[in-house]
Amino acid sequence: MFDSPPLAGPEFSPLVNFPELGRLRGAATGRDWPTVRAYVSELDDPDMRATAGRIVSETPGAEEFLTGVTRRDKGDVMARVLLAGTLIHVGWSIRTGATANQVSADQFTRFFGYLRRAEKLLIDVCAEDPRNALAWLHRLTTARGLQLGASETRRRYERVAEHHPHFYSAQAQLLQKLCPKWGGTWQEAHGFANECAAAAPPGSLSPLLVAEAHLEHWADRDGPSYDLNSPAAQRELTAAVHQTVMADGFAGDFHWIYAHGLFALVFSLGEHREKAAWHFQVLGNRGSEMPWNRIDGDPVAAYKRHRRAALGRG
Amino acid sequence: MDGIEETTHGGVRTVLAGRPGPLTAGLFFRVGRADETLSTSGVTHLTEHLALYERGLGEGHYNGATGASYTHFHVQGGERDVVGYLNGVCAALAELPLQRLETEKEILRTEEAGRGSGANRRLPLWRYGAQGYGLVSYPEFGLPRLDGTAVRNWVRTWFTRENAVLWLTAGQVPAGLDLSPLPSGTWYGTPAVTSALPRTPAYFSGDEGGVVMDAVVRRSSAAHLYAELLGRELFRDLRKKGGYSYTAAADYSPRDAEFATVTALADALPDRADAVLGGFVDVLARMRVGTLAQDDLDAVRESALAVFDVPDVAAARLPSYALNLLYGHPNLSVAELRREMNRVTLRDVRAVAEEAEGTALLQVPRGRDAEWAGFVEAPGYSTGVVGGERHPAIGQDGVHLVIGADGVSLVTPGGAATVRWAECVLVAAVPDGARRVTGRDGIVVAVEPTLFGVPPDGIAAIDRLAPPGTLVWEPPRSPEDIPQPSRAKQQTGRFRRRR
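One line per chain: the protein sequences are A and B, in this order. Everything in the first sequence is counted per this note's numbering, starting at 1 for the first residue and increasing by one. Everything in the second sequence is counted per this note's numbering, starting at 1001 for the first residue and increasing by one.
It is worth saying that the hints were derived from the structure and are not from the lab. Careful, some of the hints might be misleading.
In silico DSSO-like links for lysine-lysine, alpha-carbon gap of 30 Å or less [claimed, not checked]:
1. A:120 x B:1105
2. A:275 x A:304
3. A:120 x A:74
4. A:120 x A:181
5. A:181 x A:74
6. A:120 x B:1240
Partial list, computed: chain A residues near chain B (C-beta under 8 Å) [to be verified]:
7. 72
8. 116
9. 119
10. 123
11. 126
12. 149
13. 152
14. 221
15. 251
16. 252
By construction, the Cβ of each residue, glycine as well, lies at the ideal position given by its N, Cα and C atoms.
Hey, can you work out the whole structure from these sequences and the hints?
This is the structure in structure tokens:
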């Protein structure tokens, strides 16, 4: 063990970790709409579609590319949803993730402008196609950015849950809104996470919310310090592991790296190195920006630091 | 047509259709609140009350109603009751019981105080301003100023044989019915349509949690079915599915010969205002581009067609038939109406939805906006400020009043309210010196001498510069209603309001 060479830097790019997403990005960069469209359309799972949609929407030049597509074919729902995703992405990068008092009035004006353009597209898409999971997912984000209120965010979640009851990505968006930083309470946040986990079929992603709620609670600097190592927290986290990554039939799809990373992180923060170690081993030198960016501006450094502590090597 | 006979009686256009049972009749005049001005507001209603005062008439059920663009005297009973009532109304209009003037004004003020403010009370003033169809948003501010001469002139102009339509559920006009006391005059088309909205769709923020919308669409069977479907979808989404609202409904009502107003509303249960707004916006979009079902259209069509299945449909149609004559809207036969209704497709409903959303005015819950849904804010401030003498607010930084030869302005950090004399429709005066100046666009400048230290000659200037006929004296205020600088609320918020 002690002789093992230090590990190379982990691979964080989804484009490398999931080669098909790399090819999707290539098609988006090359403005090959038929290929992009065919690939995303074939994904039935809303969480896979959400990830693929993000790969397209966050492609440099996507705003121009997708605007062109929507102009050529006004009826193309997929193009409009992906364009809305791009507008949200661009808007949010103008706003940045800084706390509101560090964002200038001009930044806010441009941010709201982008979100309103996205929302306008999404209002029509959701009317035309009420089952469109990706459109509703985006509307959970716009509801938060445009400050449309807790009951409206909840309404949007209920509209998507009507057709996709275990849509993890949407649940994760609502969970954000239920945290105190966006006007909720810890009781609501944990309650919602546990509720989704309990309702989810084995092997689905929803129990990840339990770990996310604990992580958010731990990371909250405004409240009293939160003990991730409490018996209750550890019991819930362990149960979540068994319901997801250790469950029979867990595929994880585009989320499996994130899922193991999330557990690796929360167990590391709770000083359960041996539990974290297993997740790091499964990851096999792969990672993703989330959840590591939640605790450090340099997510790769955070990953390596905690991995070193868990595995006893770099 | 269809068992309805059009004739004239005593120079009044008359429509007749017989039916068994008690006789029902109505006399419409093409005059209502939208024909008034803010400083004569209430004159039609006062006329209606004076016309009804003398009828101490047997057993008949009778009533009078003053709408935005019509006045209706309505009666049901035996032939003698009906003849007695209508003859009495015409005689009273010819010779008004002016000894009752002050008493009836008092009764109207009491009615006003007791009148609940309907959910859609504020929309007309935001859409049309303090004029025309917007006047229904306001209390009857003209009452104190109305004297016998004013009411008599009003009758002579509007309550004439040529400007009336009579309807009766009988095959012929009963003997002894005498409309001849009515003055002779001319027919008036519906009031001019004004606008206080530079752009639509627009929104303003209301005082409640709920959402109210109105929209102006061309009259048609498709528009009627659009409103029915809209009410159904709102109820389904906001009440049954979401549980955000208790009441959610929509209504279609003809405004004039060409256009109808679609009004829709959804109230909000506690803490659900945001969801009501969001759900409302989504229903509007569904009506325009969404997944409306043919079954739903067929269901509302069936209910709409059911009105033609009642016994004595000709007699039942008389009031709306008469109103169409009064407005100058063509009357179709029942067969034509059925055909039109049966031809409406989902595509037609979507076209109406497009038209409706293009003209929509949305009252959003307090403190919310609808920019995110593509609605522009309706102007709550004026764009300019007049020159003149400045009176800074006592103890409030950044707030001052200007009284000038062109008008008055109230300037606050949030924005200014300006009423130019050329656009002034009301100067409401009280003996303590306060003046409430209202412009055609509905903007109000409240001149409170106690808050701005305005000297008496400043107030006198307002009274002198107010356009003729716009100064209305109101009863004295009780001392606790006179604002004092120490207790004054910070001058903020919008200046479009009723008082």
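(request) Go through the numbered hints given earlier and state which of them the structure violates, listing their numbers in rising order. (result) Structure breaks hints 1, 5, 7, 14, 15 and 16.
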